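Asks: Chains as they are written, first to last, in my numbering: chain A, 428 to 614; chain B, 26 to 311.
If you are wondering where the hints come from, they were derived from the structure by calculation, not from laboratory data.
Everything numeric in this text was worked out from a predicted model, so none of it was measured.
Careful, some of the hints might be misleading.
Here are the computed lysine-lysine pairs in the PhoX-like style, where the Cα-Cα straight-line distance is at most 20 Å [to be verified]:
hint	chain 1	residue 1	chain 2	residue 2
1	B	Lys75	A	Lys452
2	A	Lys606	B	Lys86
3	A	Lys496	A	Lys607
4	A	Lys606	B	Lys208
5	A	Lys496	B	Lys138
6	A	Lys561	B	Lys86
7	B	Lys86	A	Lys496
8	A	Lys607	B	Lys75
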Amino acid sequence: MAIINISTPLTDDDIISLRAGDNIKISGTLYTARDAAHKRLVDLIKKGKDLPMDIKGQIIYYVGPAPEKPGQVIGSAGPTTSYRMDPYAPILMEHGLKGMIGKGSRSMDVRDAMVKYKAVYFAAIGGAGALLAKCVKESEIIAYEDLGPEAIRKLTVEAFPVTVVNDIYGNDLYEEGIKKYNIEQIN
Amino acid sequence: MNESCGRIVDVNEIKEAVKELAMNITSNIPKGIINALEQASISEESPIGKEIICRILENHKIAREEDVPACQDTGVAMVFVEIGQNVKLEGGDLYDAINEGVRQGYIQGYLRKSVVTDPLFERVNTGDNTPAVIYSDIVPGNNIKVTLAAKGGGAENMSGLIMLPPAAGVQGVKEFVIDLVRKAGPNPCPPIVVGIGIGGTFDRVALLAKKAVLREVGSYNAHPKYAQLERELLEGINALGIGPQGFGGRITALAVNIEFAPCHIASLPVACNLNCHAGSYGSIVL
Chain A
428 MAIINISTPL TDDDIISLRA GDNIKISGTL YTARDAAHKR LVDLIKKGKD
478 LPMDIKGQII YYVGPAPEKP GQVIGSAGPT TSYRMDPYAP ILMEHGLKGM
528 IGKGSRSMDV RDAMVKYKAV YFAAIGGAGA LLAKCVKESE IIAYEDLGPE
578 AIRKLTVEAF PVTVVNDIYG NDLYEEGIKK YNIEQIN
Chain B
26 MNESCGRIVD VNEIKEAVKE LAMNITSNIP KGIINALEQA SISEESPIGK
76 EIICRILENH KIAREEDVPA CQDTGVAMVF VEIGQNVKLE GGDLYDAINE
126 GVRQGYIQGY LRKSVVTDPL FERVNTGDNT PAVIYSDIVP GNNIKVTLAA
176 KGGGAENMSG LIMLPPAAGV QGVKEFVIDL VRKAGPNPCP PIVVGIGIGG
226 TFDRVALLAK KAVLREVGSY NAHPKYAQLE RELLEGINAL GIGPQGFGGR
276 ITALAVNIEF APCHIASLPV ACNLNCHAGS YGSIVL
């Protein structure tokens, strides 16, 4: 299976070239955020305040890692389910976010926003946190330390493996996959 | 020891058992699941699905060899204690001891703390993964069996319960379960394990589903009709085509486990509890 290497920050040219089903390895920066951090980020935007990081061209990884053991950069760090971030994702894309990594389906609003603002949604393997943590070379908490596992971290990753689920052409890998393999008996 | 006094167990032993389990189960995925994944790596027809299963097996191997959690979501700690009725506990409060075992195990094991104080208003992380969800049963004998399950949130969120009319029958159960798995799609991290409770009451059927999802993968219900239903449901779920991680494929579920109980003449309760391929649970008998 062909693998495409990309690095952050992502440009519109990067985004235009990606198609649902592509296997990607990402190198560069990922920002972590899940439910509670998203709520705070969107509250800041709504109040017209600056975010703790510049999200233009960046990728947010939906993850709450396990604590690192001595000698580890980060504990196990696989994706969390993305739909919980759906209410917050479009406004972040409007402000320049180019990529999201998680697992599971996105709402139609989020998919429409990806087409409109030229952003993509990647899936990493849910439940493979030990494997994925090995691609993380640096990890630093940059905001919301009080949220514990939900704090925002800046991760430096090398060849972080993901698959494109939603591209800017409206394709959805989950829909395509199920169409291909569904063999339900129609009564 | 005087026979009539039974066996005396210090609750500290139970604390130690809970702690030991917490520090082991998230890095040692049960053999039944590993066997099913190995079988799936052969039978999966989708190329990307096959590759995903191989990466999952690699992940579980890293977890085991490096003693790190297979999945970062090390869950809510669910503790089931079966206490022999001849046992007398001493040394303190049983539930305090269990929670202390969870606290020590999650901190010393570098596991993620994923419990918030209240569900709706504050949602402040308790910082040590307590309180555990605890179920205790009195059983015959002199032993204590402690089971710990680290139940992650992703698959738990996709679970469901329905109070069917008895006339819905087998077909009604099948439709409910298959529709639930269809709607869950990629969210619970397929390939999944499907635990189904049938019968009992509104509350009991959910616990039956939990016990079913924590039953060894590769085991079957002892009742032939329920074992047959397990096979038929597995076939029906794997016909959906969701596949590993939802990218399309043959293996959506590794197993369907059913537990059942008698119920009211008016009822047919059904609960379906999902677990991912990184199921984390184990037992110690004291």
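Asks: Can you confirm whether the C-alpha distance between A/Lys496 and B/Lys138 stays at or below 20 Å?
Replies: Roughly 14 Å between the alpha carbons, so the hint for A/Lys496 and B/Lys138 holds.
Asks: Does A/Lys452 lie within 20 Å of B/Lys75 when you go C-alpha to C-alpha?
Replies: Given that 20 Å is the threshold and the Cα spacing comes to 19 Å, the pair holds.
Asks: Measure nothing beyond the straight line between the CA atoms of B/Lys86 and A/Lys496; if it is 20 Å or shorter, mark the hint as holding.
Replies: 18 Å, holds
Asks: CA of A/Lys561 to CA of B/Lys86, is that 20 Å or under?
Replies: 13 Å, holds
Asks: A/Lys607 and B/Lys75 were given as a pair; does the straight-line alpha-carbon distance stay at or below 20 Å?
Replies: It holds: about 15 Å lies between the C-alpha atoms, which stays within 20 Å.
Asks: For A/Lys606 and B/Lys86, compute the direct alpha-carbon distance and say whether it is at most 20 Å.
Replies: 32 Å, violated
Asks: Does A/Lys606 pair with B/Lys208 here, judged by a C-alpha cut-off of 20 Å?
Replies: 14 Å, holds
Asks: Taken at face value, is the distance from the CA of A/Lys607 to the CA of A/Lys496 at most 20 Å?
Replies: Not satisfied, since the Cα-Cα distance of roughly 42 Å exceeds 20 Å.
When each numbered hint is compared with the structure, violations occur for hints 2, 3.
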